[in-house]
Every structure is written in structure tokens, then in C-alpha cells.
Amino acid sequence: MALKSKLLLVALLLSVLFLSVYVASATQDPELKQCRHQCEHQQGFDSKQREQCEQGCDKYIKQKREEEKHRRKSEGGGSFYPIPETGRAQEEEEEFQGRQQQDQNPYFFEDEHFETRVQTEEGRFQLLQKFTERSDLLRAIENYRIGFLVTKPHAFVAPCHFDADTVLFVFQGRPAVTIVRGEKRETHNLEHGDLFRIPAGTPVYMVNRDENEKLFIVNFMKPVSVPGEYEAFYAAGGENPESFFKAFSPQVLQAALKTEINKLERLFGQQRQGSITRASKEQIKKLSQQHGQGGSEGFWPFHGGQSSSDAFNLFSKHPSQANKFGRLFEADFNDFKQLQDLDLLVSFANITQGAMVGPYFNSRATKISFVLDGEGYFEMACPHVSSTGRQEPQPQPQPQQRRKSSPRYQKISGNLRRGAVFVAPAGHPMTAIASRNSNLQIICFEVNAHDNIRVPLVGKKNVVSQFDREAKQLAFNVPAREVDRIFNNQDDEFFFEGPNEQPEHGRAFA
Amino acid sequence: MALKSKLLLVALLLSVLFLSVYVASATQDPELKQCRHQCEHQQGFDSKQREQCEQGCDKYIKQKREEEKHRRKSEGGGSFYPIPETGRAQEEEEEFQGRQQQDQNPYFFEDEHFETRVQTEEGRFQLLQKFTERSDLLRAIENYRIGFLVTKPHAFVAPCHFDADTVLFVFQGRPAVTIVRGEKRETHNLEHGDLFRIPAGTPVYMVNRDENEKLFIVNFMKPVSVPGEYEAFYAAGGENPESFFKAFSPQVLQAALKTEINKLERLFGQQRQGSITRASKEQIKKLSQQHGQGGSEGFWPFHGGQSSSDAFNLFSKHPSQANKFGRLFEADFNDFKQLQDLDLLVSFANITQGAMVGPYFNSRATKISFVLDGEGYFEMACPHVSSTGRQEPQPQPQPQQRRKSSPRYQKISGNLRRGAVFVAPAGHPMTAIASRNSNLQIICFEVNAHDNIRVPLVGKKNVVSQFDREAKQLAFNVPAREVDRIFNNQDDEFFFEGPNEQPEHGRAFA
Amino acid sequence: MALKSKLLLVALLLSVLFLSVYVASATQDPELKQCRHQCEHQQGFDSKQREQCEQGCDKYIKQKREEEKHRRKSEGGGSFYPIPETGRAQEEEEEFQGRQQQDQNPYFFEDEHFETRVQTEEGRFQLLQKFTERSDLLRAIENYRIGFLVTKPHAFVAPCHFDADTVLFVFQGRPAVTIVRGEKRETHNLEHGDLFRIPAGTPVYMVNRDENEKLFIVNFMKPVSVPGEYEAFYAAGGENPESFFKAFSPQVLQAALKTEINKLERLFGQQRQGSITRASKEQIKKLSQQHGQGGSEGFWPFHGGQSSSDAFNLFSKHPSQANKFGRLFEADFNDFKQLQDLDLLVSFANITQGAMVGPYFNSRATKISFVLDGEGYFEMACPHVSSTGRQEPQPQPQPQQRRKSSPRYQKISGNLRRGAVFVAPAGHPMTAIASRNSNLQIICFEVNAHDNIRVPLVGKKNVVSQFDREAKQLAFNVPAREVDRIFNNQDDEFFFEGPNEQPEHGRAFA
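Protein sequences appear in the order of chains A, B and C. Numbering-wise (the UniProt record's numbering), the first sequence opens with residue 1 and increments by one. Numbering-wise (the UniProt record's numbering), the second sequence opens with residue 1 and increments by one. Numbering-wise (the UniProt record's numbering), the third sequence opens with residue 1 and increments by one.
No lab work stands behind these hints: they were computed from the structure. Among the hints, erroneous ones may be present.
No copy is singled out in the list; a pair is fine if it fits within one copy or between any two copies.
What the hints assert, rightly or not - Computed cross-link-like contacts, DSS-like style, restricted to lysine-lysine with a CA-CA straight-line distance of at most 27 Å: (1) K184 - K461; (2) K286 - K460; (3) K337 - K317; (4) K258 - K285.
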């Protein structure tokens, strides 16, 4: 009896422990928990599917952590500035936070936020995660995606179509892009600075004509089939890329193509090299022969921004801002009418080393910036993040939002290097600063561009100087001339000389 | 003491058991769990409401299972093909899956996905569930609804208005539809093939003029008040349909209608037959007198597709595709300008018995197809469903999506018969095949129709044949002439001779 | 051993109790639970953040309850009618429900649904909660916000910009509103009845020119940066309002403004009075000098509805409806072209004491009404609320929605007084009744206004009278002349004599 009682006790103890662990473990890692929670609540999952889903979560978290660890190590030296600080309450918590903190900045994206959609010997395509996967604060741009394509010289990118409208910007390499519209095939030989639109559902393939230079293309995409989701559809292909023809029943395919199954098996079975392969010089020459545009079917030796109504070279226009501290090139729908229905403006900023752009804000547009080259950092003032000093997006119906006072602005910031992405929502004041070692080159996609105005906060045309004397005095509670003395000091415009020293931790004033 | 200890142990054991059961039971049925979860988290529910809500869940699940069981039994014989296979991993799992599998195809809808909104002796109106209730993958069409109305000859459908724009297609019967716009009443005598738009909030009633033929109307709706929700508002009526006047206070109603309450009680108390009743020949004759359109108030004996600018007959135009294997009739906003603000194209496909349409894909439009008559099946290639071989929509932030390779395409398929609905999102290659016994007639609503292009994947104008020689070779990794040999075999267009045999399980090639 | 066993038992007991309490407590208050649930599932929260979040929940719920208690007490006397009834099942449950019931009406908002965004000695700005925070049934207007500004005479509202398009309506006071667009500053002297649009991102400040009258302005806002969220950005300011300049690093700010940090500290450190302060007579005079509009730079002594193309006076137009029972003034985009891209119509209804408006419904528009003055109540028929007699929004995928019969309409109602807000979705019949003591004045924002029609349900042009004789008879199941006798009684239009008595509980007829 005493033994039984003890056994029972042990059993109970174990049960209770199990339950406690269950409750405790579920609170360990928020992302893991979130992931498992979704597995559990996914409608229609049976228990086996749920199990697989949960295993996927564990694996993903483990992998992510290893990647992060790896990244942190490999960063050790190169960055010219330590990571700038990101909030008010941090002074007290610095030692404990480090990288973690940075990861919680919902407006800033780095390598680990991209997934690799295609990877072969010859190149890769990386796609940034969905903006709303990161934070609900980015709902305004939830149906846009950003990605980039990098290939070796002479790489061929296999034919496919996308369920998204795509605008691409050529930063490096010389791609010959071929699209098929209706019964017409068009080839466009693009160069550095070209913008090109590929309408959703258009079969496209391309080759890097350059023998020496890598191809580097940035893609801005607006999905049309599943909002926020982006997929490629390969008609041609085999095992890798898989042709979508292979999803149909053999009987259906035989009838559709009027061909016996063994021939089809052969056709759709040879390609195993993936969707980015290597083309021969001869093939590149043939693939670069322009046809279809404006009726000219032959070889077209001359290239320029205006060579095709379907492409626009950002550098073919005078910069809209230019001084020794930087230059800004812009294309709106007046320049490139294919941007109109996307309500998009594309700009390219080249910030001289040691210089800065802004602070300014966009009145209506939300700007998605992709760093092409150089190093630096950005800062942005944001009233949406919580006043606890963390860059946490507030979930929508959070009671704390029912605040009773004026907004507090948190500093959002991040170190910029090639491949970093940052988002500046409408109304949010922001600035970007180039390192002292290299120019900072950024391509920006501004959505909701119609009627947008850039409002400068410092420099010759800053908005504060334009207030009435009385407004200055009442707003700052100092004599108006004191306001003017400060806001009239800076007489450059848009691009300015940057800070002498690296920024210290924290905000401007405690 | 020993006894007390034992009692305590028992109590503890029971507590632990209770907790374990609590945790275990919550994982039993995903849909039930989901439902109960919503009851629990519904803001503002008190405990009694939560209890009722949970009871509703249990009841609903029980009922759903019984309906399913019933359906499965009653299906036994009639289908001409066994259910086509739906995925790669299935070969191994066939014996266990059956119907369940089919139910998880988020692009395919059958009887059990409709709810009966109106049912009387004389007819019924059935409404398809919200697309996003089925799957998040259908978010692009979340604010559209599909339904159909069936009535006996000489049925009258009571006056009401809807909080949705409606486009109706008359497949059977000859309805006289009366709408009230401002101070104008218009009657439209519609026939087989007519499209007609009823703007949101427009009072409407109709009668089936035909003495012998049933009325069969398909409705496409775009809600304006609660996105994705669709309701009818009956001004006239009594107990059934209930008049919305009855929701107001008696005092308010008396003042508004300047009438004593007992008279109002009489007026709003007589109708108990429901919103679809039987009209006499005399009444039908009167109700069919056209007035209001183009100023003609009198009887209008002649009907045609062009009789009213508010209706358009799909068959009044030459088919846009026609051969011995099928015909396609289409109306876009150029034909019927009332489709413009809905960004809608309507098409009617009549696929000859034993023939097929496609494979093709829409570049931008998402197509919602409703089977009007005949039998057959459809197949579609989809990269969005999980690679486990199940047609499961992936929840948005699922880590597995962070895949590192080219997409895999799953086969989505379903048996078609009257009332089946299937959805082909933009970019997704699809085909539909008619049985050898009957023509397959389908009405299609294509949303996001502006600038959409149908891209043929086989036949005379197939897109693969248009690729450069070099692209063919590089993409398929076989000589280009081999590609051409296969893709030039089929020289029909859009409609083709179908497969000789029924499809076997699985995809084209393992 | 026995002792140890007992100790173990106690430990176990405590553990089990703890777990039971954990599970039980989580089900106590749905809002609290929801709040804590969000804390728990917030991606990226570490355990400390989660803890803070949860403490915030507790605090908020406690505070909310106290506020409610306080409100209920202070209401005791003044209301002229007891709260009208809101549903069918209520007769049985009255004694228990009271205020709670009212709170669950998702179309009706009172004081407690506003948050105070700014509060100083001189005035305050109150913002209504997000519509979808209240109910999913309001998704159609989820990206609109309503608020109001009240200040003392001679108050100055500090310069800021918003991440939302704003339309303001001046009900009391005489504000001089200054906006900065590009390099142009414009001052607009507005008066009672003026509508004015402030584009998103436009720096604006204002002063109440009136020496005696309070300023009372109603704001309609459409956010552009985070859908449904609304924030102010103060460039000028100090501690309160905080200037967003203070979020940047000192180094960055020094470089941007070319000014030493100690001078900046002084400039951004003086303002502590908040964003609504008091201006002197002299300052007001200066701030009211109009410039910038149409080139006139000087003082502009004459004011009228047409004084500026950027403002429109609602009362400058003839009322679109007017009789002894009330008057309706309207502005659509033809009157005020700045309403066009917002798809907005603004109307002002002045319902004579003891009179009523409607019942009518909007065909497409959803109307958001804000009570400016007077008392009364509204009633609306709604098919979307649950048939349990509670004004509970049904969560989207609730199985109970799969109903099998015609809709039942619930009465939605609420007592109106200054600051009450009610929403009438498209298609929903509604009426509003003024008390016998005062005129009821309401400003209405109708979104989705394009092609909207108001459909009158009673009075001279009521829609029922326009049905065919046969339709009346078939629909009501009584002779058509009986229908006419009742629906032709009321020969006024839109505004009518109100009910003699206050409404009793319940619907028109049981």
C-alpha cells in the first residue's frame, strides 16, 4: 500500500511536471510558440499534418538561430559604426540586448529576412519576407514584395511567368530580357539604371550579356493572385525547375499535346540544372537580338534609356536634387507611364561618403528602400512603437494604445549595407547617413505616390522656417528669432554634410 | 490518515485527469477546436453567450458530419469518372484518404459548401460559403460571393434589396425582373443567356414567366456594406419573409406611416408563405409588362439581347473561340458597360462531350467557374499548396514556406457536375474536360479582368513555341527541334479533343 | 515517510490548484483574456515584455471598469428617454442587462469609446476607437477614424502633421487654420458650417479667433500610413508636445541643423504646456491674417463659404430636404471637389424637436453620424446581428451563420446626445428621432458615396408604393389597396412628425 501510494505519487508528480513543463515551454520562444499555435489552429489539419507542421517549426527555429549566430560572427570586423541605438529605455538595458533588439525593429530588414527562392551554380533569387509577417504596422504595403536576382556573367534565367506585376531595376550587368505578349516576342537589352516592367502573367526569360560583370537586379512586385504571395510558374523545365505541365494527369497531357506519354516523359525529364544556367557566347548573341519593339525585328546595336517604351533609364533624366553631398534621380509615371497603375515612384539616391539625406518625410507615400552599395545607417522617428522603449509593433487592439497624452517618438535605426531594406511610412521623419568610406547608393520604391510631397525638415526650404512668427513662438515657447537662428543655419538642400562623429547611444536629448 | 491520504490521492488523480483530458480534447477536431476557440475569444461574450456559442459548434460539427456521410452514400453510382487524383504523395496513402482529400481542395466547391438562404415550396436560393472561409489562398476574391436561384414555373420572388452589387445570368426560365430606381420602376423580360446587373440597394422582384420551365439563375455578388457578407432586406412581407419594418418600435412606425398600430399589425402579419411564392397567370402577365426602360411604358412584346441597355445576352455576340470541341462566349465592359466598375468579365464555355479546354492561364484575372450542366472534371497546377501532397493552404507565416528551391506544382482537381464551383487564380495553368456523355456548360466570372490576357499553353498559339530556339534548348535541356516537334503537334486552339481514357491516379510523371 | 508523503501531497495539491486557477482565471473576462492572449502571442516579445504587456491589460481593465461605474452614476438624471430597447429576446432578460446590453451594440458609440489624445488646460482632442476594434461588422469603414477637437476661446493648436487625410467640420468657434504646402503658407479663416480638407502630411496649426465662443470641430480622417491608425507628428515643441526632432541622435541633429547641441537642447526644451495653449489677442490677429490663397497676401476681412477653394460652407447651399420637421444640407464632390478622392459626402441634418428623419436606407454608402447638439434616439434594422436577441457581431466563420431561412432583423438603437456616434451600413433601414426638448443636429460622413441613392421607406416617395399592384399583393398577401392605404398616408418627405409617446420596449410586433 505504501509502495503503491508512492508509485501513485510519482505518477502524479510526473503528470504535474509534464503539465507545468507544457505550460512553461509554451512560453519560451514567442516565434516558436506562434508557429506551433498556427499548426494547432490550422483548419483542416489532421493530427499527422499537425505533427509535421510542428516539426517544421522546431527545425525552422533551430536553423534560424544558427544562421543568426553565423551572421553575427562573420560580421565581427567590417562595420564602420557600431549598431546605432534604437530607443529610449535602452541605456539601462544595453548589456543584455545587442542583436535581439535590432531584430525587433519592424522597419528594418537584413539578410536573415530574405528567403532564397532559387539557388544554382550560376546565381540566385532572394525574396524578402512579407512585410506583414514582420509587423502589422506595415499593413499599408502588405501587398508588395521586394527581391533581388544575382547571377554570374553569361547566366541564363529560364522562362517563367509570375503571379505578380514586377518592376525591375538593373544595377549591375547587361541583361537581355525577352517577354512574350500575345503572339509577340520582345527582347529588351537593358543596362545599368534601367527600369523595366513585366506585367503579371507574362512569360519572361533573360540572359546576362556581360562576359565579366555579375548581374544584379532589384525586383519590386505586386502580387495579383494571392495578395502578398509571389510564385513563379515554369512552363519549360524538367526536374529542376519543375515544369508545371508535370502536375497534369498523363491522359490530359497526352490529349492536350497530342503526343505519346513516353515522348513527353523525355521532354520533361532532361532539365536538372535549375532555373539559372550558363549560356554560351553564341546563345547569348542570339538571345540578345532585339525584336518586337516598335516593329524592328533585327539586331539593334544602340542602347539608351529611350531605346524602348517599355524601359526607362533612371539616369537619363537630370537629377531632381544634386549637390556635393549627393544626387537624387527619380522616375514617376510621367517619365515612365508603366508606373501609373502601380501608383509608384522609383528613385535612386547616391549619398556622398560622409554625407546625409534629410531629415524629411513623405506626405502620403510609404518608401521602401533597398541598399545597393556602400555603408551607413538610417534613423527615423516613429510614434507607433511602444513607449516602453522597444521597437515592438503594438498589436491592434492593445489597451495601452488608449493613451491620454501627446505621442512619444521612438528612434528607429539600423546599419545599412548592400541588401539591407528599410521602410519609411508616410509622415515619418527620416534620415540616412553614408559612412566616411564609401558612397551610399539606395534604390527606393515609393508606393501611394500620387500627390505625394517630400517635406524637408532642415535646410533651405525646411518647413519650420515657414511657420508664422507667432506660431514659432507659441509652439517652441521661445522667441521666434531663436527658432529662426537655428533653422536658418543649414543652407544646403536635401543632401547635407554628415555628422563628424558616429552617433552615441540614445536619442538627441534624454 | 491512510484513508485521507488515499482520498487526497484520488482527488489529485481526478484533477490531473481532468486537466489532461482538457488538453487532449482540445486537439481532437481542428474545425471544432477552431470554432470553440472563436467562441472563447469573442470579445464581449459573457459566459452564457460563450456557452451557447460552444453548443452551436458541437451541433454544427455533428450536423456537418451527418451531411457528409449522407452525401457519400448518395453518390455511390452516378459519377462517370472516379475522383481524379490530387497529388504527388498520394500513391502511398490512397486507401486512407478518399473523400476527405477532396474536401481539402481549397479551389473546389460542391453542394455541401452552399448554404440555403431561402427555401419554400416554390423554389430556393443557395449561397456559396465565403471564399476565405475555405482558405486564405482565396483572399484575392474574398469580397465576392456566388449563389444561384432555382424556382418552379410561375414562381414569384418577393421584393427586397441587397447590400451587394449583383450580376445575374439566366440559364433557364424566362424571368421578368422589376427594379425600382429613384421614382422609376423598370421591368426587364430576360431570357436564356441574359446578363443583368442589379446595383446594390436597389429594390427588386421577379417572376418566372415560363409555364413549364424551371427558373435557374446564377448570381455573382460584390457586397458593399460588410465585405464578403451578403444579406437580403425585405420591405414587404410579414412573418416569412419578415419585413424589416417590424424591427422598428411601434411608436416609431405609427408616426412614420401615420397609421394606427392595429392596422400595421394586420398589414405586416399576413405573409407566411416565404419569399418565393406562386403567381397566377394573370399576375404574371401584369408583372411582365415592361415599363420604364427608354421611356416605353406599355407592353413590349419583342425580346432580344439588346432590348434593354441594362441587359446583355451572352449569345448575341459571336463566340470568341469556336471549333467542333467547344465554344466560348464572352462579355466584357465594352459589351456590357455595367461590368466596368466591377472589373468583371463574364464568359460561357460549352465544351463538347469528350473534349477539353486549355491548359491555359489568365495573366491577371482570377476566374470563378460555376458548372451549369453536364459532367467532367478539371485539373490545375498550383505552387501554393503544401509539398506534402495535400491540398492544404499554407497559413501565411508558416516557416516551411521559407523554402530554398524552385516551386513544386501540385495537381488540384475535382469532378464537375451542375452546381460545382472551381476557382483558378491568376497565373495558374488549368484545364477542364467534358465527360463522354454530355457537353459541359460553365459560366465563368473573371475578376480583376482589366488588361487580362489568356495565355494558351498548348495548341496553335501556345506560348512555348514562341520562345527563342536558344531559350527552348536551355530551358528544356534538349535540342529545340524536339521541343517544337511536341509543341507543334496540336493544331487546334483553345478547345481540343479530350483524353481517350479516364485519368489514372497521380501526376503526369512521378 | 508519512510526513514526506504528506508534504509531497501538499506540494502536488498546490501545483494542481495553481494550474486549475490558471485555466479558470483565463476564462473570466473575455476582454482581459483577449488582451492577455495578445501579449502572449505577440511575435518577438521576450518574457519581460510579455509581463509588462500583461500588467498593462490588468490595469486597463480595472480602469475601464471604474470609468464605466463612474459614467453610470453621473448619468442618473438627464436623459429624456429611458434607453430604448435593442432586441427581441430582451423582454425576458431586462432586469439583468441594462447598460451592458447597450455596450454590445456595435453600431453605436458613446463617451467611453473615445480616447483622449490631447488634453491641456486650453482644450482637448478626442479620437473614437477604431471601428473594427468594436466589431468586424464595421470592416467596410475600418480605414476611417472620427474625432473632435474642443478648445477654449483664443486657444492655439500647435503645428503638426498627420498620417491621414482629414476633413474637418466647424460647428462652433472661428478657427484660423494655417497649412504649409511646399513653399507656400496659407491661412484660412473658417466659420460655423465650413468644411475644410487637410491633406495627409500637411503641416497645420490653428487658433480660435473667437474671444467668447469655444471651438468645436469634428474630424473625419482616412489614414495613409498604417491603415486605421492615426498619429500626429510635432516638428515644433519640447517636452510636451514632444518634438519628433528629439528622436534623432544628437550627432545627426547637429549635422542636419548645423547647430551645436547645447543650443538645440535649449530650443527643444522649453515647451511644456502641451499642444493646445493660449494665444494673446495680438498673436491671434497676426495668425488670422490670410495669405497664400489665390495670391492675396494681405488681410482678408470678408468671409463666406466661397472665400477659399479649400473650404466649403455647408449652409451656403440650399438644403436638399426642408420642411417644418427638419432640414438637410449636403456637400458632395460637385460642391467641394476635395471630397472626390475620399469618395465622401458630408451632410448636416437638423431635426426639429419632436420630429424624425426616415426610415430610409442608403443604397451603397455607409453613413457615420456624429451628434453635434440636442437629444434623441435612433433605430436601425439589422440582419447581421445574431438571432439570440443580442447585438453581438457574429465572428466571421461562425457555423451558426449557415442558417436555412430568411433573415430576421434586429432592432439596433441608442440614445443620442452630443458626442454620440452611430453607423448605418449600406442597405440598412434607419431612422433618427429628436426629443421634444431640443432640435437634434447631426453631421454625417457618408463613405462609398459614389452612385449612392437614398431610398425612402415612408412618405410621399416611399419605395413600397412604387411596386406593381400584383407585387404588393403577392408580397404582403393582402389586397394591394390595403397596402396603398397605409403607405400613402404619410405625405411629407424625409422629415416627419415624430412619435407622440416614447417608444416602449421591444420591436413593433412580437
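These are the hints, each one checked on the structure:
1. K184 - K461: This pair counts as between: shortest inter-copy Cα distance 10 Å, intra-copy 49 Å.
2. K286 - K460: between (53 Å within a copy, 24 Å between copies)
3. K337 - K317: Answer is within; shortest intra-copy Cα gap is 15 Å, inter-copy 34 Å.
4. K258 - K285: Neither: 33 Å inside a copy, 54 Å across copies.
Consistency with the previously given hints fails for number 4 only.
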